[in-house]
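Visitor: Working from the sequences, and respecting the hints, build out all of it.
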Amino acid sequence: MNKKVRIRFAPSPTGPLHIGGVRTALFNYLFAKKHHGDFLLRIEDTDQTRYVKGAEEYIMKSLEWCGIKIDEGIKEGGNFGPYRQSERRDIYKEHIKTLLNNGSAYYAFDTPDELDAMRRRLEESGSSVRQYNRFTRGEMKNSFTLSEDEVWAKIEKGDTFVIRFNIPENEEIIVNDIIRGEVKVNSSQLDDKVLFKSDGLPTYHFANVVDDRLMNISHVIRGEEWLPSLPLHVLLYRAFGWENEMPQFAHLPLILKPEGKGKLSKRDGDRLGFPVFPLNWKDPETGEIFSGYKESGYLPDAFINMLALLGWSPENDKEILSLNEMIKEFDIHKVHKSGARFSPEKTKWFNQQYIINTPNDKLTDLLLPETEKKFPDVDVLYVEKVVGLVKERMHLLTDFFEQASFFFQTPKEYNPKVVKKRWKEDTPEILKQIYDILKEIPEIRFTSEHTEHIVKTYIEKNELNFGKVLNPLRLVLTGTGGGPHLFDIISALDKEETLLRIEKGLKEIKK
RNA sequence: GGUCCGUUCGUCUAGUGGCUAGGACGCCGGGUUUUCAUCCCGGUAACAGGGGUUCAAUUCCCCUACGGACUGCCA
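Position one of the first sequence corresponds to residue 0 (numbering that gives the first Met the number 0), numbered consecutively onward.
The hints are simulated quantities; they were obtained by calculation from the structure and are not laboratory data. There's no promise every hint is true.
[Stated by the list, open to error] Computed cross-link-like contacts, DSSO-like style, restricted to lysine-lysine with a CA-CA straight-line distance of at most 27 Å:
#1 K373 with K455
#2 K317 with K347
#3 K467 with K506
#4 K419 with K293
#5 K372 with K333
#6 K467 with K411
#7 K183 with K336
#8 K372 with K455
#9 K423 with K506
#10 K333 with K260
#11 K372 with K60
#12 K317 with K281
#13 K256 with K345
#14 K361 with K345
#15 K467 with K431
#16 K2 with K327
#17 K467 with K503
#18 K347 with K373
#19 K373 with K361
#20 K262 with K60
#21 K281 with K60
#22 K372 with K411
#23 K327 with K265
#24 K293 with K256
#25 K33 with K52
#26 K281 with K431
#27 K460 with K423
#28 K347 with K333
#29 K455 with K384
#30 K317 with K293
#31 K60 with K140
#32 K96 with K60
#33 K431 with K419
#34 K68 with K92
#35 K74 with K60
#36 K281 with K262
Guide: Structure below.
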């Protein structure tokens, strides 16, 4: 690898990027950075009929959220632009001439109906091939069956046409895929793919080869769905005389549905209750909303950590890796060949690990806006304290609001199950005494340690057991059964609120 | 149908011509805790099947099965 490493991620703006796409971007990025190369974003918008408004912006925002930084792209600029294929029409037109001139490409005038009819005919005849190729093109309308004059006449008349690739006969194509090893195909298996559409724009196959060459791309890392067209792309490089400068290829395994068959699709998320998109997406046509990892309470680092381990694993058994560690550890040769089933469960576990390991102040920054919306007039330092107390029982950022609501508002009701289990005949009497002894403690000494000491001393002196006292006390303070260390709650709440809640509980909980 | 790709615990994976086939998630048990969570300890569970090659195959080869992708003037 003497060449400068230049890697591209080339999505088409036909909708939101889903996690498979994000993973492809991530692996591209990891590889680029591992080898101190450039990472570029190229927008493949050659199909105007599938263009979706906002998708381009969505893709860039998603990558940004993930921490994937673009070196060259439509926003960043660069010396190899434009980075939007729709703005490269002239470049493609120039290049298709080369292939037209050297006999690698030809004009075809068949209508969609005629193509349909041909395929149907082949199918009905029991043929295993249904391709537009050297055998079938003889019965279609193209440069082979029409005279040169007829071809020009048609073009001048304004007839619509496409330009097809003239697949060479019986050539053995052997490509070395970095992940899969040698892939061998005979050119006779391939069909005469359309290179230029009737709308004057190239197809993916053509644009991708031209751009990768012109942008000096060193490695093409993309999804497995492209593997079948790899031989075609090699042939295109050959037709251009670029085979020696051809990038290296690596085809990533697919991400599969958590259950059932097939690759993960956009619809699976809503069906199975987990996001498949990094960010929320609102379909501009239907208004339908698809949930994103960000809005569902996931941390970006956890999200990409999970994605990185789908199809790849580092040398050691380490599972929690920062983006920088991933870059250091990444080895494309260790990427798996087989598809990886996506696990929403493990994704949650990753998130939990990241939440626990995120400093309280940083977590507070993330949670504050929503907290303020739900509980006006909160104090930042108080929120930070609460965050520290509840974070280890959060799987999602959004869990905070359920886990911590009692820190911000007096319980309105008491969990009946807990009442039934913990509220005994003598509970009111005990709580009254707890109330009295807590009331004696001066406000400045109302710490977790001190209140704990006082209450526990009281329990021991009266030969009560801890559960009998502490559980109902927790109930009146929080309205429920679980939660952080009780005396941490008491001190966070402060003296006034603690006493208030005991009073309220005594009044409202009856048996 | 055709072409291509793949197959280690339920899932993500490590691994090797000879190992008690390792880790993680999940699940189940136990400990810690006033409680929930965290944490700690333990358990469950896999080399798709059949042929070869070999002293020895999960590992190498072949076949079968299963799974997947592609098969558009979509990417």
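Visitor: Next, verify each hint and record whether it holds.
Guide: Evaluation of the provided hints:
1. K373 with K455: This hinted pair is violated, its Cα atoms lying about 35 Å apart.
2. K317 with K347: Holds, at roughly 17 Å.
3. K467 with K506: Since the Cα atoms of K467 and K506 sit roughly 19 Å apart, the hinted pair holds (cutoff 27 Å).
4. K419 with K293: 39 Å, violated
5. K372 with K333: 46 Å, violated
6. K467 with K411: Holds: K467 and K411 sit about 23 Å apart, inside 27 Å.
7. K183 with K336: Distance of about 16 Å is within 27 Å: holds.
8. K372 with K455: Violated - the C-alpha atoms of K455 and K372 are around 38 Å apart, more than 27 Å.
9. K423 with K506: Between K423 and K506 the Cα gap is close to 15 Å, so the pair holds against 27 Å.
10. K333 with K260: 25 Å, holds
11. K372 with K60: 24 Å, holds
12. K317 with K281: With a Cα-Cα distance of about 37 Å, the restraint between K317 and K281 is violated, given a limit of 27 Å.
13. K256 with K345: Given that 27 Å is the threshold and the Cα spacing comes to 14 Å, the pair holds.
14. K361 with K345: 23 Å, holds
15. K467 with K431: 14 Å, holds
16. K2 with K327: Holds, at about 20 Å.
17. K467 with K503: 19 Å, holds
18. K347 with K373: Holds, at roughly 24 Å.
19. K373 with K361: 19 Å, holds
20. K262 with K60: 25 Å, holds
21. K281 with K60: 14 Å, holds
22. K372 with K411: 19 Å, holds
23. K327 with K265: Since the Cα atoms of K327 and K265 sit roughly 32 Å apart, the hinted pair is violated (cutoff 27 Å).
24. K293 with K256: Holds, because 21 Å separates the two Cα atoms, which is no more than 27 Å.
25. K33 with K52: 34 Å, violated
26. K281 with K431: Judged against 27 Å, a Cα distance of about 54 Å means the pair is violated.
27. K460 with K423: With Cα atoms ~20 Å apart, K460 and K423 stay inside 27 Å; holds.
28. K347 with K333: 25 Å, holds
29. K455 with K384: At roughly 24 Å apart (the allowed maximum being 27 Å), K384 and K455 satisfy the hint.
30. K317 with K293: Holds - the C-alpha atoms of K293 and K317 are around 25 Å apart, at most 27 Å.
31. K60 with K140: Measuring from Cα to Cα gives roughly 46 Å; hence the hint is violated.
32. K96 with K60: 37 Å, violated
33. K431 with K419: 19 Å, holds
34. K68 with K92: Given that 27 Å is the threshold and the Cα spacing comes to 32 Å, the pair is violated.
35. K74 with K60: 12 Å, holds
36. K281 with K262: 23 Å, holds
Of the hints listed earlier, those the structure fails to meet are numbers 1, 4, 5, 8, 12, 23, 25, 26, 31, 32 and 34, in rising order.
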